[in-house]
Amino acid sequence: MAHVEETSAETPAVLAEVAPAHLPRAPMVANNRSFAWISDKICGIAEEKTPVWWWWCFAVACFVASFTVFGITYEVSTGIGVWGHRSPINWGWPIVNFVFWIGIGHAGTLISAILCLLRQKWRTSINRSAEAMTIFAVVCAGIFPVFHVGRVWNAWFLFPIPNSNMIWQNFRSPLEWDVFAVSTYGTVSVLFWYVGMIPDLATLRDRAVIKWRQIFYGVLAMGWRNSSRHWSNYEMAYLILAGIATPLVLSVHTIVSFDFAVSLIPGWHTTIFPPYFVAGAIFSGFGMVLTLILPLRAVYKLDDLVTQYHIDCMCKITLATGSMVGYAYAMEFFIAWYGANPNEGFTFINRAFGPYAWAYWIMISCNVITPQLFWFKKVRQNIPLVWILSIFVNVGMWFERFVIICTSLTRDFLPSSWGYLSPTITDVFTFFGTFGVFSTLFLLFIRFLPIMAIAELKAVTPQADPHAGHDQH
Amino acid sequence: MFETPADVMRAAEKVREAGYKFWDVHSPFPIHGIDRAMGTKRSKVPRISLAGGITGFCTGMAMIWYTDAFAYRLTVGGKPFFSPLFAFPVSYELTILFTAFATIIGMFILNGLPMHYHPVLKYPDIDRATNDLFYIVIESRDPKFNPQATRALLADLGGQAITELEE
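Top to bottom, those sequences are chains U and B. Counted from 1, the first sequence has number 248 at position 248 by my numbering; the numbering is strictly sequential. Counted from 1, the second sequence has number 109 at position 109 by my numbering; the numbering is strictly sequential.
Note that these hints are calculated values from the structure, not bench results. Be aware that a few hints might be false.
[Said to hold, decoys possible] Computed from the model, here is a short list of chain B residues facing chain U with C-beta under 7 Å: (1) H26; (2) E93; (3) M107; (4) N146.
Note that the structure is predicted; figures quoted are calculated from it, not measured. Don't be surprised by glycine CBs; every beta carbon is placed ideally from N, CA and C.
Using the sequences and the hints given, assemble the complete structure.
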């Protein structure tokens, strides 16, 4: 606002006749809320008496999580055969689930890191819960490859730990790169989440009246006292973390796609995989962010903090990445034809019209058609509809990984070794249970930690601008 | 104590001009431009981050050379025992990992955290500094510190509820 006046003073000639249009920006925090209101609102969620619905949800989530616990216990005690893996397909549901969950995580890092670098202020009200989502999704993702190694008690051998056999890892394998990519991703996500939370933990500490809360938040807040000299180092550190998390998030799904692309299997051995996987990951992650944020907004009446503007932005990113994914599907077909490799061409025709055609068309309808509805403002403003569409995105992205893994592996070069993968009940239950693991962790997060970045929200309110100051009141 | 960011910003400029060295502004969020008003120098965190990143990249390359080309030479698909190309993804991830740790540890060291005991934290209304008010704290070890003059300066700048904190 101040800038408009300055420019009109400097360039009087034209602007005197044609007054520059005053374009109002949607405020990040609606209804001109005060600093104290934001603190009370967000801290209140963690401070209030545990609501009854929370206990019900928690009980259901724990029950669902027990499916994974039982599934894994059965798998470890009996053997990897309890999963529906058999030649030619040894990368069944566990790897589908791994790629699915790790992709979900990517939206959290995109929101916190890339949108931070691009100075998209709307990220502030959703970044904390999206980062929490990332971490919990990585936890769910990590379960699968670790147990898929078969003898899980040897899983430590994924890491270069000196051992008495003097055997070392084969770093020429993309699977080993993936170990480093995913473990780095998990670690950096936790660090980024925690550093962002320190000032808000200090707020919770100073508000706490019960002893255990003072100690719990006090220890976590590391003695943070909101000093400006500290803020200076803190903001720089946060910016650097955002700067390194950006190449990290792009590299993680790139390396996940290398697990496929570096092999020679038709349908996998393509250079489009890294960008296509990254776009798909962000697409699925935003689907999950919407799935989580919209109920949270309704339950805690956060409409002033997560405004229609925020929902519009998220829908538009879903639309953009969904269109990229659709483009990638089309381009894969084109390259398969243009590349004139008969195996490659067959793989893609087989995807769309072979035994897994049902999965392929679920994928196309969920991932290509669903997001296109977000072109319409009426759709974006219909919150229940947005929520339902976000579920379709999640379903579609699971099927994308299923289609990629199953169609290529069940029908590769030799027709004599073709097969068909049917999951076992253990497969289904173990995957189903991870939603419980995820929900349990997310419910605990809602209950004990600040679900939005309080300090960052205050900084984007109009009254936080030291140059606007009194004029705003 | 000040009520708006604009007030505390003006006051901070005056405190800096009065020549104080050991003083600070406590605000519930980072105020845009306060560093210049206070005369704080650019943060040194990036140097530590860079050192961390270089260490991470070298660690990755050295580790892969040691394991695959020195300690355990295994022929796989006729590929070379060491090449910076296949060593790159892991080194890249380790660069990021080490940078993240260096950045955070650097930030904590430069800020002197964790410090769970500090006079400011004993101030009964500290919860307002983490909520909605803005404070200027001038330390008594400052060479220009004088109980009366400092109090007068802060009162002159529009500060309210001026209090002496005990070490």
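Checked hints:
1. A cut of 7 Å between beta carbons decides the hint on H26(B): the least distance to chain U is about 5 Å, and the hint holds.
2. Interface hint status for E93(B): upheld, as the beta-carbon distance to the closest one in chain U is roughly 4 Å, under 7 Å.
3. At its closest, the beta carbon of M107(B) sits 4 Å from a beta carbon of chain U; the interface hint therefore holds under the 7 Å criterion.
4. The closest approach between the C-beta of N146(B) and any C-beta of chain U is roughly 22 Å, which is over the 7 Å cut-off, so the hint fails.
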